[in-house]
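Colleague: Can you build the whole structure from these sequences, using the hints too?
Single-letter residue listing:
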Amino acid sequence: MFRLFTKILRTGIVTERVKAPKDAELEQLGIAIKRQIDRRFSGSIAIRAVDAGSCNGCELEIHALNNPYYDIERFGIHFVASPRHADVLLVTGPVSRHMQTALLRTYQATPDPKWVVAVGDCAACGGEFGESYASCGAVSNVIPVDMTIPGCPPTPEVLIKGLLGLMNR
Amino acid sequence: MSTLNWTEIFGQALDAAGVLIETQSAPTDNLSVWHIADRHWQKLAESAMTHQLRWSAGWAEQDDDRFIVHALFEKQGRYLHVRTSIDLNTPELPSQAGVYPAANRSERHTQDMFGIKFTGHPDNRPWTRHKAWDKHQYPLRKTFAVQGQPEAVTPPDMDYAFVKSHGAGTYEIPVGPVHAGIIEPGHFRFQAVGELILNLEERLGYVHKGIEKIAEGRTPESLARLAGRVSGDTTVSHAWAACMAMEQAANIRIPPRAALLRGILAERERVANHLGDIGAICNDVAFTFAQIQFSRLREDWLRTQAKVFGHRLLMDCVIPGGVKSDVSDTDCTALNADNLRLRKELSDIITTLDLNSSLEDRLYTAGFLSNDIAAGFGTVGYVGRASGQDFDVRRDAPYPPYDQVTVKVALENQGDIASRFWIRYKEIMASMKLIEQFMALLQPGEIAAAWRVPAAGSTGLGIVDGWRGEIVSFVAFGADNKISRFYPRDPSQLNWPALEKLVLNNIVPDFPVCNKSLNGSYSGNDL
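If you're matching them up, the sequences are chains V and Y in order. Using my numbering, you'd call the opening residue of the first sequence number 4 and step up by one each time. Using my numbering, you'd call the opening residue of the second sequence number 44 and step up by one each time.
Think of the hints as simulated: they come from the structure by calculation, not from any bench. Any given hint might turn out to be false.
[Stated by the list, open to error] The list that follows gives simulated cross-link-like pairs (lysine-lysine, BS3-like), each with its CA atoms no further than 27 Å apart: (1) Lys387(Y) / Lys451(Y); (2) Lys164(V) / Lys117(V); (3) Lys469(Y) / Lys10(V); (4) Lys164(V) / Lys350(Y); (5) Lys118(Y) / Lys469(Y); (6) Lys387(Y) / Lys10(V); (7) Lys469(Y) / Lys544(Y); (8) Lys10(V) / Lys476(Y); (9) Lys544(Y) / Lys207(Y); (10) Lys387(Y) / Lys469(Y); (11) Lys174(Y) / Lys207(Y); (12) Lys525(Y) / Lys367(Y).
[Claimed, not checked] Stretch-level coverage of chain Y by chain V, calculated; a stretch enters the list once three of its residues show a Cβ under 8 Å from a Cβ in chain V: (13) 187-200; (14) 219-229; (15) 241-251; (16) 271-285; (17) 332-342; (18) 349-360; (19) 392-405.
Glycine included, each C-beta is placed from N, C-alpha and C at the ideal position.
Modeller: See the structure below:
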């Protein structure tokens, strides 16, 4: 246990401010969003990530949002296990036809008001996979999408900026 | 038996059994290509089993009015690629799955995609096909349009015949396809009594997005991009395997510097994934300290990749003929600094984990995969190597740049989650050593060979060791530099069935950590 505590103490806090081209602007945005979240959602936004057919690249970067550098929870944003607990669906991948019904049901299971964010090039437009006998392509072909965050995959910084932007709409 | 002649001995044995082998020119030293008659397909598998060959991959392709079915076997680092042709109008072939359990899902995939009936198959349920296309339509036939004829909404696959349990106190737990965590979709069906898992059945195919079909007609560059997205966490190795196959078909040798850079990329990919997984395994038994520390180390590692190679996950760095960008001396300093830092950090953290008895309690003996079952399914990579399967393409069938260094392969025999945990740690250490060796070997030179358009009908087989283990990639060219067939065999296709066995006698709450220790790719499996 002693070693464990020493490692924790020696590592210290590594959480960074999100480095955007305009830091001041982003901080302003962050404050505005926090206010929005405080007012409309009692201080927190719950996200349900749904992989609807991705290659898993986007998932890796969404995971990174929880690492101590980005620590997305500090903005009042956290990931939940059920769509019934969620305000936001973060959908990745081209929607495979085999996942189409599952995605529709997940969407229906999410209480209103809800937002859908399509994450990554595949979710935005079908990406490398496009539309075919096996793929519906963009998420917006299956459920209504409020916002897209492009990238293959989008970096954690881009994801945070995108989410913050969503809250400010 | 020397490593050089088992194919000869095996060939003689088949000859004695009346199997006529038509040998084709071998593209590399450690690969033989044989053509046999379809009626001998099962007999070949039986003999292969007697001679202790490992079943590695199976796929098919359409050639005008015939189907050509392929199977790949391996022993002692030497590969045997067997082909047979069958008539398009009566597509039937004796199954190899009864002999090799590893061939089971592969043959079902081929049945779903081509409509080839494997007679005597132990399980005739569909595998990749759910409801996106009709039972009598076969997406990989040339007559099937890439757009298919999908319904507006693809109905859920409701009537898959899962194994049922009977008896007082037993119950079923259906899980997925949408999971509670941030992971890929798939379905797991448990039968349990109390907390104990009696049986687990996997139902995958949810992320099938037609990779094999949409590969047809692509250019080499475009195929490399697609291959890099077969499984996002294995982008380097899948792109490498596809490029290796295309380069073989085009008869191109990549420059030495390109090979070394590919080696560095692939080993960095291995380290990044193991760092993520070690943290995640600990997190699944509620040991958050490790998750936080390892996700921090992974992030540091990815940032260097973004700086040096231009992409955090190294996508599109491997291109046909070589690599996309070069590294400077400053870059090499940064890569070396990464290794130094990671070694120091790991020496702290790993010691801490090793001393933690609560972690020990959860990881030792849990998720046990016996050496026999691991061998039976032909498991590869860290799953196989944690259960005594001493095979690594980098060492046993070396390709540049691994032919210039000594590859040390980590091996464990306990077969539990802890073994798979420690294999990963050892692989991280070995990969860092390899990266340093590759950097020391770097000489100024070209980083990509000029592309040469292969003749129509040229084929190639790329076999590399990805971070999950052996990857096999088959590529055939049509006319005008266009791909006519692409089949990537992710290691997950061999490793997934092992999960159904290693969870037995564990409790349901331990399933996540069992699953994480194996970490199969859904996308790489479903294609």
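Colleague: Can the segment 392-405 of chain Y be counted as covered by chain V under the rule of three residues or more with Cβ-Cβ separation shorter than 8 Å?
Modeller: That given contact holds, which follows from 5 residues of the segment 392-405 of chain Y lying within Cβ reach (below 8 Å) of chain V.
Colleague: Between Lys387(Y) and Lys451(Y), does the CA-CA distance stay at or below 27 Å?
Modeller: holds, 21 Å
Colleague: How does the coverage statement for the segment 332-342 of chain Y fare against chain V, requiring three or more residues with Cβ below 8 Å from a Cβ of that chain?
Modeller: With 7 residues closer than 8 Å to chain V, the segment 332-342 of chain Y meets the three-residue bar; holds.
Colleague: Would you check the hint for Lys174(Y) and Lys207(Y), treating anything up to 27 Å between C-alpha atoms as holding?
Modeller: holds, 22 Å
Colleague: Straight-line Cα separation of Lys164(V) and Lys350(Y) no greater than 27 Å?
Modeller: holds, 20 Å
Colleague: Please verify whether Lys544(Y) and Lys207(Y) have alpha carbons no more than 27 Å apart.
Modeller: At roughly 17 Å apart (the allowed maximum being 27 Å), Lys207(Y) and Lys544(Y) satisfy the hint.
Colleague: Is the straight-line distance between the alpha-carbon of Lys10(V) and that of Lys476(Y) 27 Å or less?
Modeller: With a Cα-Cα distance of about 25 Å, the restraint between Lys10(V) and Lys476(Y) holds, given a limit of 27 Å.
Colleague: At a Cβ distance under 8 Å, does chain V reach at least three residues of the segment 271-285 of chain Y?
Modeller: holds (count 6)
Colleague: Examine the segment 219-229 of chain Y for residues whose CB is less than 8 Å from any CB of chain V, and state whether their number is three or more.
Modeller: Contact hint for the segment 219-229 of chain Y vs chain V: holds, 8 residues under 8 Å.
Colleague: Taken at face value, is the distance from the CA of Lys469(Y) to the CA of Lys118(Y) at most 27 Å?
Modeller: holds, 24 Å
Colleague: Between Lys164(V) and Lys117(V), is the straight-line Cα distance small enough, at 27 Å or below?
Modeller: holds, 19 Å
Colleague: Against the 27 Å threshold, does the CA-CA distance of Lys387(Y) and Lys10(V) hold or violate the hint?
Modeller: The hint holds at about 12 Å.
Of the numbered hints given earlier, the model fails none.
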